[in-house]
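Given chain A, put chains B, C and D with the ligands in place with the hints provided.
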Amino acid sequence: MDLKEWFANRKNRKENKEVAKQPMPDEEYCALWTQCFQCREYLYTRDLRQNQLVCPKCHYHFRCGALDRIEYTADAGSFKEIDAEMQSSDPLNFIDTEAYPRRQEEASRKSGLKEAVITGVCTIGGNPCAIGCMDFGHFGGSMGSVVGEKVTRITEYAKQNHLPLIIVSSSGGARMQEGILSLMQLAKTSSALKDFSEAGGLYISLLSEPTFGGVTASFAMLGDVIIAEPGARIGFAGRRVIEQTIRQKLPSDFQTAEYLLKHGQVDMVVDRGQLKDRLASLIAFHARARTRSRAQAV
Amino acid sequence: MDLKEWFANRKNRKENKEVAKQPMPDEEYCALWTQCFQCREYLYTRDLRQNQLVCPKCHYHFRCGALDRIEYTADAGSFKEIDAEMQSSDPLNFIDTEAYPRRQEEASRKSGLKEAVITGVCTIGGNPCAIGCMDFGHFGGSMGSVVGEKVTRITEYAKQNHLPLIIVSSSGGARMQEGILSLMQLAKTSSALKDFSEAGGLYISLLSEPTFGGVTASFAMLGDVIIAEPGARIGFAGRRVIEQTIRQKLPSDFQTAEYLLKHGQVDMVVDRGQLKDRLASLIAFHARARTRSRAQAV
Amino acid sequence: MATGEKKPIPLEFEQPLAVLAQQIEALEVQLNDNPELEGDLERMQEQYRSLKRSLYTNLRPIDHLAIARHQQRPYTRDYLGHWDPNWIEMHGDRKGMDDAAMVCGLVQMDDLQVIVIGTQKGRAIKEKQQCNFGMPQPEGYRKALRLIKHAEKFGLPIVTLIDTPGAYPGLSAEEHNQAQAIAENLFELSAVTVPVVAAVTGEGGSGGALAIGVANRIIMLEHSVYSVISPEGCASILWRSNDKVSDACQAMKMTAREILNLGVIDEVVEEPLGGAHHDYAGAAANLKQALVKHLKELEDLGQKQGRDAIRRDRQNKFRLFGAHG
Amino acid sequence: MATGEKKPIPLEFEQPLAVLAQQIEALEVQLNDNPELEGDLERMQEQYRSLKRSLYTNLRPIDHLAIARHQQRPYTRDYLGHWDPNWIEMHGDRKGMDDAAMVCGLVQMDDLQVIVIGTQKGRAIKEKQQCNFGMPQPEGYRKALRLIKHAEKFGLPIVTLIDTPGAYPGLSAEEHNQAQAIAENLFELSAVTVPVVAAVTGEGGSGGALAIGVANRIIMLEHSVYSVISPEGCASILWRSNDKVSDACQAMKMTAREILNLGVIDEVVEEPLGGAHHDYAGAAANLKQALVKHLKELEDLGQKQGRDAIRRDRQNKFRLFGAHG
Ligand SMILES: [Zn+2]
Ligand SMILES: [Zn+2]
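Protein chains in written order, with our numbering: chain A, 241 to 538; chain B, 241 to 538; chain C, -12 to 312; chain D, -12 to 312.
Check the hints yourself; a few may be wrong.
Calculated pairs, SDA-like style, for lysine to any residue (alpha carbon to alpha carbon, straight line, at most 20 Å) [unchecked claim]:
1) K136(D) - G312(C)
2) K283(C) - T531(B)
3) K140(D) - E438(B)
4) K136(C) - K136(D)
5) K399(A) - E139(D)
6) K140(D) - Q400(A)
7) K136(D) - A439(A)
8) K231(C) - F334(A)
9) K502(B) - F120(C)
10) K434(B) - E139(D)
11) K516(A) - P470(A)
12) K291(D) - R532(A)
13) K502(B) - Q116(C)
14) K434(B) - R133(D)
15) K140(D) - H402(A)
16) K140(D) - R532(A)
17) K140(C) - Q400(B)
18) K280(D) - R532(A)
19) K140(D) - F334(A)
20) K140(C) - D435(B)
21) K136(C) - E175(C)
22) K399(B) - E175(D)
23) K502(A) - E175(C)
24) K136(C) - T531(B)
25) K354(A) - A310(C)
26) K516(B) - C295(B)
27) K502(A) - Q116(D)
Taking CB as the label site, the calculated pair distances span [said to hold, decoys possible]:
28) D517(B) - G293(D): 45 to 51 Å
29) A13(D) - P491(A): 53 to 59 Å
30) D295(D) - R289(B): 47 to 53 Å
31) E325(B) - S228(D): 33 to 39 Å
Think of the hints as simulated: they come from the structure by calculation, not from any bench. Every residue gets a Cβ at the ideal spot worked out from N, C-alpha and C, and that includes glycine.
Bound conformation, chain A alone (with noise of 0.2 Å):
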C-alpha cells in the first residue's frame, strides 16, 4: 500500500555488503548486461532472461513482469488475453502534484501495459485454466478498478468455465487515486472468489515479490493453494510502519516468502525454475480427483 516506503526498504534490503563494492544501479535490468540485487554480479541481460530472471550466480529471483510471468508459466502460444483494452477512468478527478490521468499515462508509457494486471486464458503443462499476472512496474502493481474488475471478471469466467484459477500477485496494494473505490475492489474480488470456491473451483495463488497492503489483504491470501517465490516480500503493512508503530527492530527476513512459511501463511515455497510443474501438478492432480468424485456426487 505504502510505495515510498516499498522503495525506501529496497534500498535498505539485505544487501550482501561484502560483495557490494559498486555503487547500485536500479533493479531495472539494462539492455546488456543487468547487476545481480542480491550477489552484485554482473549477468548477462540475455542469460538471465533465460534463467526465467534468476540469477544463475546467487539464486536471487528478480521481480517478474507479467508478460514474463506469462511466457515462463503458459505453455508456449497458449495463452489468449480477456478484457485487454480495459482502462481507468478518474473517478474522483483525483490531483496531488500532478493529474491522475497524466500519471496514468506515465505508468503505461514506462510499464508497455494498460493496467497492472494481465488476465486471459492458458493451458500449463497441458492442463486448461483461467489466469491473471500483476505487474509491479505498472503504477507499483496499485490495485484500482481495473485491476479489481479484471480479477473479478477472470474470477467469474473461471466459475462459468470450470477451469481452474491462478493469480499472480505483486502489488504495492490499493491505489490511492482512486480512493474508496480501490478500498471495495478488495471486497469485490473477495466476493468472487467466494461464489468460485462454492462452485468448487481451485484457486491458486501465487505471490511474488513484493505483495501488500490490499491485494495480499484480499485476494492473494484466498488461495486453495498458496505459493511465494523465493525471497518476496510479502505482508500487510509496510516493514517501516510497523518500525514506527512498535518501535522495535523486526526479524531480518520479516515477511519473506521463507519466513511466511515458517508463520503457516503460505502453502509451499516454490523455485521459479520449478513453477511451471508445480502448477501443473496441483492443477492434475485436483482434476484427476474431481473426474473420481464426480461419478459419487448426489
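Structure of chains B, C and D with the ligands alone, referenced to chain A:
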C-alpha cells in the same frame, strides 16, 4: 484426565495464606458447618446452600453437584430425567488395585448417583430446554461409555424436539477403566453435536470447577455459547503435567475461568447467582430470532 | 442543548465558538446581579447559534476528520449502552485471544435481535492501549468472523460499527496473518444470508474497516470519514509532505457526503449539532433509527424473496463498485 | 532379510536374538577359512528364525509398546516417501504457525488422489524438538483441519497416520486452546462426506490421536498401540506407582488385536517380522495395500449411495461405540 493430579493441585491451589490459620478439611461440606475453601471462614451450611454454594464472604464458588445444579438452574419442579437407569458395564474386565465394578459401586455409594451425568428436560425462566449436568463427585466426573451415551442421547433428543441444549461440565477427563471405549466417547458426542448444530440447534456449554481432559476436548468446548463459572479451573492437560513438560512455572491464574476469558476461550464468566437469568436471556434471544427468521427461510 | 457524557472539548476550528461560549457563561454569572444584561445575553446566544450553524454547514474535509477523531466521540460500547443496557457481550476468538479492539454482542434493537460487531478505540489511557487505539489484530477479525458465523447459523441480522484508524500494524499481527484475517472476513461476510448493515461512526480506515464493512447497506454518520489510506499516509506518499494532510483529505473524497455521491454508501445519518460527542443519546437514537429502518427493509426482502436474495443483494452491490472505461 | 534405512537397534526383549545374531555374524566371518562350519551356521540360522518367530508370536502388551515407540519406527514422512516420491506438502494453519508435528500433503496412492494427514515424531534430535516428539500443538490440529476442509471441497479422500504420545501439554498450547482444537476436529471430521481412513502406525495417544482419527475405517499396524491415556499415566494414577506400566498396558487393552476384538478398529495390518523398522518398504507396502482397499470400498459406497452415505457410515460407526447396561 489425570485425577490424581487434580487432587494434588487442589491442595496447592491459591490458598489465602493470611486467613488460613485452621487446618484445611476436605472441601465436601459437612452436616452443619462448612469451611470456605478460599477465605477459610466457617459457614453455616444451610446458608451456603441457600446462596447456591457460593461463599457469602469471599464469593468463592464451591463445586456444585448435578442435583444441586439442576435445583439452582431449572424452574422449580420442571426437571424430568431421561435415561435415569443407565449404568456402566465392564467391557475390559478392568482391574487395577481393585476391579472396576467395585469402584463403580463405591462411586455410586458416595455420590448417590448412577453415573457422572444426569440428563433430562426442564424449563429455565419458562424456556423449555434439554439439559445435562455432570457431577465431579461421581467417579471424578470421568467420561466412560455411559456419560458419552447419555450426552449423545440428550443431544439427539434436543435435535428431534427442537430444544436448546445446555450441558454443564465438571470432569477430570475420560474414564481409564473403559480404555479405548472411553476415548471414543469424545468423537461420539462431538459427532452428535455436529448433527445438532447443522439442524440449527443452540448449544450452551457451561464449564464448572473442574473441567479437564477428554470432556474439555470434546463437547465442553463446542458450545455456540460457552460460559465459565468464576474461579473454575478448565484445561486440556493438567497443570502438573505441563510444568513437568515445559520445566517452568505457570502463571498463578493459569487455567482459571478468568484466564480462559482473557485468552478468548469462553464467551463470558457468569456468577452462579446470575446464571439462571443469563441462560434464560440467551435462550430467549435466540428463540425470538428464530421465530423472526423462520418467516424468511427458503 | 443536550451534551455527551462530559463537557465537549472544543476543536481547533471551533475556537471562535468556544470563546463566545465563555463570554456567554461569564454573562450568565453576572445576570443575577444585573438583570438588565438579559438582552445582551440573548443577542450573544443568538450570535452563538448562528455562528455554530454557519460553522457546521461549511466544514472542510479536514474538519470532519477532526470531529470523527474527537477524543470524546461515542464509541461502540457507548452506542450499545444506549440501545440495550442488557446487551450480552461475546468474547474471544476461541483460539487464544480476546481482542478488546473488536467488540461483539447480542443486542436487542427495538423488536430485532441483532449481532453487533464494532471496533472500539478505548477511552482512558489504559483502555486505549488495550484496544490498540481501535486497531484490531488478526484475532479481533477472527472473533468477528466467529460471531458472523453465529449470526448466519441463527438467522440473526448483523450490524457493524466502524471506527478504526485501520488494522493494527504490528509484528505479531503480521505473524498471525493480518492480511489473511481481513481477506477471510471479506470472503465470508460477502456470502452470509442474513441482513448486514454497516455504519461508519468515526474513522473508516482502509482494509481494517472494510473487514467488517461488507454489508447490504452502508451508512455513515454525518462527520465520519472513510478512506483507502489515512490522509497522513496519502500526503506523505503523494505529496512527500506531512503538511498536505488537508489536501489529501480533499483529494481522496473521504467525507460522508462525498462517498454518498460516489454511490458507495446508502445514507448519511445526521449528527447532533457540533457532532455526536455533543449528545450521545441523540446520536445513538439517530443511528439506531437508521439501522433499524435498513434492517427491516432487508428483512422484508428476505421474507419476499428468501434469504439467498439478501446475499445476492449484497454481492450485487459490491459487484458494481468501480469505474473503468 | 530386508531392513529399514539403518540396522535395527534391538529392544530389551530382543536381547537373546541379538546375542544369537552376533554369534552368527562371527561364524560367517570364519566361514571362508573354515568351510566345515557351514553346517553349524545353518543350524544357528534356523535357531535364530525359530527364536524370532516364537518371540514375536508371544509378545506382551508392553513389548508391542516398545516396538511402537522404537526410535527407528517409520514415521509419516517415511511412508509418504515410499508411496509417492512426488507428494506435495501443504504447510501451515494460515494463522501464524506451521506445526512440524503434523504433516499434510497431496499424495498419489496407486490411482487415487489422497490428502494425507499424519503426525511426525522427528528423527534427529533437532527435528525431534521441532516436532515436539510428535505431540502436535493446537496450530497443528488447525492445519489438519484446513486440509480436511480442502479435502471436503475437492472430493479428496483423507488418509490419516497416527503416531503420537498425545497432544502437546504446554503453556502456549493451553493458551491457544488445545482442547478446542481437538474438539473442533472431532466435530468437523465426523461430518465430511469424503472417505476417511485412519491408520495407527505407532502410538495412538489419547485425544491427540483421535483428533485425526474419526474415520470410516480405522486400521492399526500389528505392533501399534492405541489408548485413552499413556500407560505411564495410567499406572501412576491407578497404581500410584511407576513400576506398574506393564500392568497398565495389560489392563487397558491397548494392542491392535485387543482393540480389534473390542470392535473399535477394522483391521490389523501385518508388519515385517520384528516390526516395521526392520523393513520400511515392506511396512509401507502392507499399509498402502490396506489403505487403498478401504478407500476403494468407501468410494464404491459413495458411488452407489452418494457422498452423504459416506458421512452416515462414519457417524453410525462412532454412534455405536460404548458399552452400557
Ligand atoms: Zn546474484
Ligand atoms: Zn469464602
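Exercise. Does R532(A) lie within 20 Å of K291(D) when you go C-alpha to C-alpha?
Worked result: holds, 13 Å
Exercise. Okay, E325(B) versus S228(D) on CB: inside 33 to 39 Å?
Worked result: Hint holds: Cβ distance 36 Å, inside 33 to 39 Å.
Problem set entry | Straight-line alpha-carbon gap K140(D) to R532(A), limit 20 Å | holds, 14 Å
Problem set entry | Given pair status - Q400(A), K140(D), alpha carbons within 20 Å | holds, 18 Å
Exercise. Are K140(D) and H402(A) close enough, with their CA atoms no more than 20 Å apart?
Worked result: holds, 15 Å
Exercise. Are the Cα atoms of K502(A) and Q116(D) separated by 20 Å or less?
Worked result: holds, 15 Å
Exercise. CB of D295(D) to CB of R289(B), is that within 47 to 53 Å?
Worked result: holds, 50 Å
Exercise. Has the given pair, K434(B) with R133(D), been kept, meaning a C-alpha gap of at most 20 Å?
Worked result: holds, 17 Å
For this session: Mind checking the alpha carbons of K354(A) and A310(C) for me, to see if they're no more than 20 Å apart?
Result: Cα-Cα ~15 Å, so holds.
For this session: With a cut-off of 20 Å on the C-alpha distance, tell me whether K136(C) and K136(D) pass.
Result: holds, 16 Å
For this session: Decide if the proposed pair is consistent with the structure: K136(C) and E175(C), CA atoms, cutoff 20 Å inclusive.
Result: holds, 9 Å
Exercise. Regarding the pair K136(D) and A439(A), is the alpha-carbon distance no greater than 20 Å?
Worked result: holds, 15 Å
In this structure, the earlier hints numbered 1, 19 and 23 are contradicted, and the remaining ones agree with it.
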